[in-house]
Amino acid sequence: MAVNMHDHLAIRNVLSRYCEALDTKIFDLLDKVFVPGVVANYPFNTDMKGVDTVRDAIIKRLGPIRTHHDLTTQTIIFGQDGKTANAVTYFIGNHLGQGPHQGKVLSAYGRYVDELVCFDAKDGDYEGVQGASGIWRIKRRTVLFSGRIGDEKIMSEY
Numbered sequence: 001m002a003v004n005m006h007d008h009l010a011i012r013n014v015l016s017r018y019c020e021a022l023d024t025k026i027f028d029l030l031d032k033v034f035v036p037g038v039v040a041n042y043p044f045n046t047d048m049k050g051v052d053t054v055r056d057a058i059i060k061r062l063g064p065i066r067t068h069h070d071l072t073t074q075t076i077i078f079g080q081d082g083k084t085a086n087a088v089t090y091f092i093g094n095h096l097g098q099g100p101h102q103g104k105v106l107s108a109y110g111r112y113v114d115e116l117v118c119f120d121a122k123d124g125d126y127e128g129v130q131g132a133s134g135i136w137r138i139k140r141r142t143v144l145f146s147g148r149i150g151d152e153k154i155m156s157e158y
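Every letter in the sequence shown is one number past the one before it in UniProt numbering, and letter 138, counting from 1, is 138.
Hints are computed from structural coordinates only; laboratory data are not their basis. Because the structure is a prediction, the values reported are computed rather than measured. Ideal Cβ positions, reconstructed from N, Cα and C, are used throughout, including at glycine. Hints may be right or wrong, so weigh each one.
As the list claims (entries may be wrong) - The list that follows gives simulated cross-link-like pairs (lysine-lysine, DSS-like), each with its CA atoms no further than 30 Å apart:
(1) K49 to K32
(2) K49 to K83
(3) K60 to K32
(4) K49 to K25
(5) K60 to K139
(6) K122 to K32
Stated by the list, open to error - Ranges between beta-carbon positions, derived for each pair:
(7) G131 to K60: 35 to 45 Å
(8) T142 to D31: 15 to 25 Å
(9) D81 to L144: 21 to 31 Å
My request is simple: use the sequences and hints to build the entire structure.
See below:
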């Protein structure tokens, strides 16, 4: 099956929406990132099941911390069915110190390893990507750190 080039953009938008949810603290956006039964492994919380569990873990970890996430190098490989994809996306997550740590930054470097699935768009809502095969969501995520630079205390003392 030929790859629909609009699906590349739709997947990039889903991955960007994840960063938007974390940085704006609008955590309900995670419902438009993950399938309800997502399986996720983060360095700070492994073997999570369900978007609510992932959301709660992220809120506990990052809720009070100001963050800025950047996505960099990325590969997206589509399944032969055109309804599944695997993506590896490198990231930099900056965590900005508050209170006694004002002016300090903890930067996390790593990659998101994602399995995605495409669902039919309801009522023609392609989430801003007309021509995409449907609505893409992450069904499995693994977050891998390659390094962290800065003061780890800003994550616990805010």
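Hint by hint, here is what the structure shows:
1. K49 to K32: Roughly 16 Å between the alpha carbons, so the hint for K49 and K32 holds.
2. K49 to K83: Status holds; Cα separation ~22 Å.
3. K60 to K32: It holds: about 20 Å lies between the C-alpha atoms, which stays within 30 Å.
4. K49 to K25: 21 Å, holds
5. K60 to K139: 22 Å, holds
6. K122 to K32: This hinted pair holds, its Cα atoms lying about 13 Å apart.
7. G131 to K60: 35 to 45 Å: Given about 38 Å between the Cβ atoms, the range holds.
8. T142 to D31: 15 to 25 Å: 20 Å, holds
9. D81 to L144: 21 to 31 Å: About 27 Å separates the Cβ atoms of D81 and L144, which means 21 to 31 Å holds.
Checked against the numbered hints listed earlier, the structure breaks none of them; every hint is satisfied.
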